[in-house]
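K.L.:
Going line by line, the protein sequences match chains W and U.
Residue numbers are given in this note's numbering: position 287 of the first sequence equals residue 287, and the series is strictly consecutive.
Residue numbers are given in this note's numbering: position 64 of the second sequence equals residue 64, and the series is strictly consecutive.
The set of hints was computed from the structure by calculation and includes no laboratory data.
Just so you know, these numbers come straight off a predicted model, no measurement behind them.
Treat the hints loosely; a few may be bogus.
[Unchecked claim] The calculated SDA-like cross-link candidates involving lysine to any residue, where the alpha carbons are at most 20 Å apart (straight line), are: (1) W:K47 <-> W:Q335; (2) W:K47 <-> U:V13; (3) W:K47 <-> U:S133; (4) W:K45 <-> U:S133; (5) W:K47 <-> U:L145; (6) W:K47 <-> U:V211; (7) W:K47 <-> U:P66; (8) W:K47 <-> U:Y137; (9) W:K45 <-> U:I78; (10) W:K45 <-> U:A3; (11) W:K47 <-> U:W72; (12) W:K45 <-> U:Y209.
[Said to hold, decoys possible] Only some residues are given here: those of chain U computed to face chain W with a beta carbon under 7 Å: (13) L9; (14) M12; (15) V13; (16) V16; (17) F17; (18) L18; (19) Y42; (20) S76; (21) G146; (22) T165; (23) G249; (24) G269; (25) L271; (26) L286; (27) V288.
A virtual CB, placed ideally from N, CA and C, is assigned to each residue, including glycine.
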Amino acid sequence: MTQQLPPAGADQATGGVAGTTVEDVEPATVSVASQWRLMWWRFRKHKLALGGLVVTALLYFVAVFADFLAPYDSGRLDPEYTYAPPQSLHVVDTSEGWDWGLYVHGYTAEQDPETLEIRFAVDESTKVPVELFTRGPSYRLFGLFETNIHLIGPADPDGPPMYLLGADRLGRDQLSRIIHGTRVSMSVGLVGVAIAFVLGITLGGVSGYLGGRVDTVIQRMVEFFMSLPTLPLWLGLAAAVPTDWGPLTRYFMITVVLSFVAWTSLAREVRGRFLSLREEDFVMAARLDGAGRRAIIFGHMLPSFTSHLIATLTLAIPAMILAETALSFLGLGLQPPVVSWGVLLQEAQQIRVISTAPWLLLPGLAVVIAVLSLNFLGDGLRDAADPYRR
Amino acid sequence: MAAFLARRLLYMVPTVFLISLVAFVIIQLPPGDYLTTLVAQYAAQGESLDQAQLDALNQRYGLDDPFYVQYWKWISGILFHLDFGQSFEWSRSVSSLLADRLPLTMALAGLTLLLTWIVAVPLGAYSAVRQYSIGDYLATTIGFLGLATPNFLLALVMLWVAFSTFGLSVGEANPVTFAIAILVLGTAGTAGLIRILRANLLDELRKPYVVAARAQGLPEGRLLVRYPLRVAMNPFFSTIGWLLPSLVGGEVIVATVMNLNTVGPLLLGALRSQDMYLAGSIILILGVLTVVGTLISDIALAWLDPRVRLRYR
């Protein structure tokens, strides 16, 4: 939708000039910028939001190319390396002159004679060469063509493994599992918000548009859902999902459970927007112009609050990610063969385990980063949603 | 005020009824019932229950009755005798189980609420008055971090720090874990409240009456506390309603991580083993607590803010 600044003129604004404020422009030369462009200019000023956008985009990139970016499969285990500590990646080997090339140090395993506990130490004398774009376990990129190229991995796939972020109870690579977990954790929010969005926009729209008795009924319903304690409701519903269902159906059911609560605030938002927009002058103008109801709603009202909707949706995603993590952590969400950050954190439930292998808490860091960046992004979008507000 | 109260109380009745229905539906949703769990447990131990025993148990618990009969039994017991039924798993009455655990839960929730307010009010006020100062940025950052960190993760990290650096025993409940639990539970709420208070106070501070009061020569401190802060505090009272259930909700996870003897782990266990009366009763009590909390916050709001009170005239 294009908003024109009065009076309607011809001159097109260049990005740099109009990036300042619209008021600076002389009345004689009129700039025209679409609403989305104005929003982008405003959004750009919010540095944290811009950072949030970049990190969010990166996370979704990781989710899409998880197979390529991760050195190993999510399920690959190696019982010889239980709780192996993280290795650091070296570029230059200075032990015998200067030798360029990526490598990590190997491990020396030592068994405690009393407790039979195996302790690992990084062995400075051994070298495990690491290569970029190396060959590893094969996978299907986008489910289409089969390949075995990975961004990074040990040069010899059958040699000693590489654990950049340590290993878990079964010697599984934490880095690979976090990367694979990105896929589920980041998409749960999207799918859940999509479901909540459909429910919220239909019910909220109907409520705000029709008003009267329908509005009262829907509002009571929303209030009722809001008065239910969220977490016990989630727990109860998630416990009701049969444990023997396949991973995909279970994943879908969990997102449905999550969106069960999230739609209420969306419905309220949509209804509120509808109610306030109905009183706006431009709606009145459109009505006087003889535009039909459908044209008014879809042609005039909806475009003017799409930006608000997008901001609200973005802010709803992190809540879903947190909820999925909590449910999976408690064992009521997704189940182990599937990897999500919450499932990975299940490994870190006991304080004793954490004290031997603190790197098991790393998926939590991923959650914090994802939620923070989505929050910043949503905040920036919300501020930018109304470019005319000062 | 009386009309307002009567109206709010009347609204509560259908809501509580619906909540009880939802609580019961939720616990009936999983396929199978407690006997399925019991049979599975016996099978895992290499024993088995014969059909006669199963029938007897079915009879005793009334698990074969139609839905409405079971619901009526449960709800009439609660309404007329304050009897929440029997917990299958614990072989005790739900009421006595809850009596054991509710006090600690409520103490935890109350102390957390107190901590949230004590921290959030000064911090929120400070970051609004000194907008864009270093302290403001610090408070905002901490607020964002607090909102973004899952409760249980914070609990785990703090336990780990307590365990590894101070050598505290964290295996069982003790004052230290209790304090950590309060701190952890308070973080998310505090972060949210700081942000709300800051935004509200910023809006208030720009209003003409503040300028007028300042022009009259009112000292800055008194000016702040007497007028804008009072108006900006409104959300604090409206949050009591949802803070209470969200505290108990968050407490489920934190208490599970920390092995605290509160209602949370009880609910989790009951949901896992389909101990229906126990799970249903806890969900019902939490739901009623939410409704009561909303009522309290509405009354507090109406009492403080004449605009709210007069709307119900």
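K.L.:
If a hint holds in the structure, say so; if it does not, say that too.
P.N.:
Hint by hint, here is what the structure shows:
no.: 1; hint: W:K47 <-> W:Q335; in the structure: violated, 38 Å
no.: 2; hint: W:K47 <-> U:V13; in the structure: violated, 49 Å
no.: 3; hint: W:K47 <-> U:S133; in the structure: holds, 17 Å
no.: 4; hint: W:K45 <-> U:S133; in the structure: holds, 19 Å
no.: 5; hint: W:K47 <-> U:L145; in the structure: holds, 17 Å
no.: 6; hint: W:K47 <-> U:V211; in the structure: violated, 32 Å
no.: 7; hint: W:K47 <-> U:P66; in the structure: violated, 60 Å
no.: 8; hint: W:K47 <-> U:Y137; in the structure: holds, 14 Å
no.: 9; hint: W:K45 <-> U:I78; in the structure: violated, 58 Å
no.: 10; hint: W:K45 <-> U:A3; in the structure: violated, 50 Å
no.: 11; hint: W:K47 <-> U:W72; in the structure: violated, 58 Å
no.: 12; hint: W:K45 <-> U:Y209; in the structure: violated, 31 Å
no.: 13; hint: L9; in the structure: violated, 15 Å
no.: 14; hint: M12; in the structure: violated, 10 Å
no.: 15; hint: V13; in the structure: violated, 13 Å
no.: 16; hint: V16; in the structure: violated, 9 Å
no.: 17; hint: F17; in the structure: violated, 10 Å
no.: 18; hint: L18; in the structure: holds, 6 Å
no.: 19; hint: Y42; in the structure: violated, 18 Å
no.: 20; hint: S76; in the structure: violated, 22 Å
no.: 21; hint: G146; in the structure: violated, 10 Å
no.: 22; hint: T165; in the structure: violated, 11 Å
no.: 23; hint: G249; in the structure: holds, 3 Å
no.: 24; hint: G269; in the structure: violated, 11 Å
no.: 25; hint: L271; in the structure: holds, 4 Å
no.: 26; hint: L286; in the structure: holds, 4 Å
no.: 27; hint: V288; in the structure: violated, 10 Å
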